[in-house]
Amino acid sequence: MERFVFKLPDVGEGTAEAEIVAWHVAVGDLVHEDQLLVDVMTDKATVEMTSPVAGKVLAIKGNPGEMATVGAPLVEFELEGAAHIEAPAPKTQEAPQAVQEDEQEEAPACPARETNGKVLAAPAVRLRAADLHIDLSQIAGTGPGGRITHGDLDDFLAGGGARPKPQSTAKPARRDSIEEVKLIGLRRKIAEKMSESKRRIPHFAYVEEIDMTELESLRQHLNETRKPNQPKLTLLPFLMTAMVRVLPEFPQINAHFDDEAGVVKRYGAVHIGIATETEAGLMVPVVRHAETLDIWQAARAVSEIAAKARSGKASREELTGSTITVTSLGPLGGIASTPIINHPEVAILGPNAIIERPVIRDGQIAIRKMMNFSSCYDHRVVDGADAARFVKRLKALLEHPALLFMA
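The sequence shown stops at residue 407 when you use the UniProt record's numbering, and every number in between is there.
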């Protein structure tokens, strides 16, 4: 029986090696031509490697997290007949797929795939399934290679496929298990990026309290009266509008700091990074030239770029080049946060959850919609007084939103 060794091809742009992210086949599997074999990650993209032949997998080389060099064997096959062995061009996706299942595109259901006896699913999906007492082997995965997503869990629950176990009155069992999870792929890149930002940048944090009552009233009115072709407004487009109004007064905040060259680059354009949760981890797609957008255009731009990031369709250019970043957990935002600056930027803004609180106004207790506004700065190039003035200016616009639309 003829054998064929599939080697890591040149994935372009001078790449000499790539990290093995996930295997989609196991020894003994019978695969067909163009079937997904393995995901590998370069510095620029995640690449799906598919089988150039049909046959039986005799051996796979390398484990997730290990590096493979171009030309190194990846999979050894026992061929079915005299199959051709020309390797096809790899399919490249510029970014890992997304997590926020509520906005994922629907895909045809397919049976959950198993590799080495394990159902394919991200650790977060496995943890959630365990909390819900769901057997993942009972779910059809719609992700790549049959991977089970959060959306698949939601569909399974909506279909009445699982019921939480009744609460027991017995004493909770002791847990001594330890799970070691190696950081690979995008999660490893995120860890490296965060470590670099924290190691190189002396952060300081500033938190302000902002009364969002008037803005929330305006936002509700605009959403109720918007045209069919206008997107729904969240807080973010209002904040972006305030930022582009205020940042020209604080050019040292809309900037990059090249600490090796000792140069601060202050930008006239406002390219706003939008920290976005995806299934693989945190990504920061960029809304470019936010200073040219009205509030509806800003809302549409955020929606489109975030959807691209979550669906894995954002290009490298759409994931780089921000001059300042906004990160928000929305209703999960808590009281305050200390976000890590997106190096080489010098500032990051983190609005927190809007909640009703009693406040003193004109000597009376009033219920207002309040938000804590967190932000962090590179103290090498941004002084505390500058940060305070910058946030005070944002606060003035957000508390009196009519000012956002005045020249």
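Treat the hints with caution; some may be incorrect.
[Unchecked claim] Below, a list of computed lysine-lysine pairs in the BS3-like style, where the Cα atoms sit at most 25 Å apart: (1) 308 - 232; (2) 7 - 193; (3) 395 - 232; (4) 395 - 369; (5) 61 - 232; (6) 61 - 193; (7) 227 - 171; (8) 182 - 265; (9) 7 - 56; (10) 182 - 198; (11) 189 - 56; (12) 61 - 7; (13) 232 - 182; (14) 369 - 189; (15) 193 - 265; (16) 61 - 189; (17) 61 - 198; (18) 171 - 193; (19) 182 - 193; (20) 61 - 265.
[Unchecked claim] Cβ pair distances, simulated, as ranges: (21) 16 - 174: 46 to 54 Å; (22) 249 - 292: 34 to 42 Å; (23) 360 - 133: 23 to 31 Å; (24) 221 - 355: 14 to 22 Å; (25) 195 - 389: 26 to 34 Å; (26) 190 - 258: 52 to 60 Å; (27) 360 - 316: 31 to 39 Å.
Honestly, the hints are just simulated from the structure, not real lab data.
Note that CB positions come from ideal geometry on N, CA and C, so glycine has one too.
Hint-by-hint comparison with the structure:
1. Straight-line distance between C-alpha atoms of residue 308 and residue 232 comes to about 18 Å, which keeps the hinted pair within the 25 Å bound.
2. Annotation: proposed proximity of residue 7 to residue 193 is violated, straight-line Cα distance about 30 Å (limit 25 Å).
3. Of the pairs offered as hints, the one joining residue 395 and residue 232 holds, with about 23 Å between alpha carbons and a cut-off of 25 Å not exceeded.
4. Restraint check: the Cα-Cα separation between residue 395 and residue 369 comes to about 14 Å, which is no more than 25 Å; the hinted pair holds.
5. Taking the CA atoms of residue 61 and residue 232, the gap is near 49 Å; set against the 25 Å cutoff, the hint is violated.
6. A C-alpha spacing of about 28 Å is found between residue 61 and residue 193, which places the hinted pair above 25 Å, so the restraint is violated.
7. Distance check on the hinted pair: residue 227 and residue 171 sit about 57 Å apart at the alpha-carbon level, beyond 25 Å; violated.
8. Restraint check for residue 182 and residue 265: not satisfied, since their Cα atoms lie roughly 37 Å apart, outside the 25 Å limit.
9. Our distance criterion of 25 Å between C-alpha atoms is met by residue 7 and residue 56, whose separation comes to about 16 Å.
10. Proximity of residue 182 to residue 198 is assessed by CA-CA distance (about 21 Å); at most 25 Å being required, the pair is judged to hold.
11. The suggested pairing of residue 189 with residue 56 is violated, with an alpha-carbon distance near 33 Å, which exceeds 25 Å.
12. About 10 Å separates the Cα atoms of residue 61 and residue 7, which keeps this hinted pair within 25 Å; it holds.
13. Restraint check for residue 232 and residue 182: the C-alpha separation of about 39 Å exceeds 25 Å, so the hint is violated.
14. Of the supplied pair hints, the one linking residue 369 and residue 189 is violated, its CA atoms being roughly 38 Å apart against a limit of 25 Å.
15. Of the pairs offered as hints, the one joining residue 193 and residue 265 holds, with about 20 Å between alpha carbons and a cut-off of 25 Å not exceeded.
16. Among the hinted pairs, residue 61 with residue 189 is consistent with the structure: their alpha-carbon atoms are about 23 Å apart, no more than 25 Å.
17. Proposed proximity of residue 61 and residue 198 is contradicted: the alpha carbons are some 35 Å apart, above 25 Å.
18. Among the hinted pairs, residue 171 with residue 193 is inconsistent with the structure: their alpha-carbon atoms are about 43 Å apart, more than 25 Å.
19. Proximity of residue 182 to residue 193 is assessed by CA-CA distance (about 17 Å); at most 25 Å being required, the pair is judged to hold.
20. With a C-alpha separation of about 45 Å, the suggested pairing of residue 61 with residue 265 is violated against the 25 Å cut-off.
21. For residue 16 paired with residue 174, a C-beta distance near 49 Å keeps the hint of 46 to 54 Å intact.
22. For the hinted restraint 34 to 42 Å between residue 249 and residue 292, the CB-CB distance of approximately 18 Å leaves it violated.
23. A hinted range of 23 to 31 Å is violated for the C-beta pair residue 360 and residue 133, which are about 48 Å apart.
24. The hinted window of 14 to 22 Å between residue 221 and residue 355 holds, with their beta carbons roughly 21 Å apart.
25. For the pair residue 195 and residue 389, the supplied restraint of 26 to 34 Å holds, since their beta-carbon distance comes to about 31 Å.
26. About 22 Å separates the C-beta atoms of residue 190 and residue 258, a value inconsistent with the hinted range of 52 to 60 Å.
27. Checked against the hint of 31 to 39 Å, the pair residue 360 and residue 316 fails, with Cβ atoms roughly 51 Å apart.
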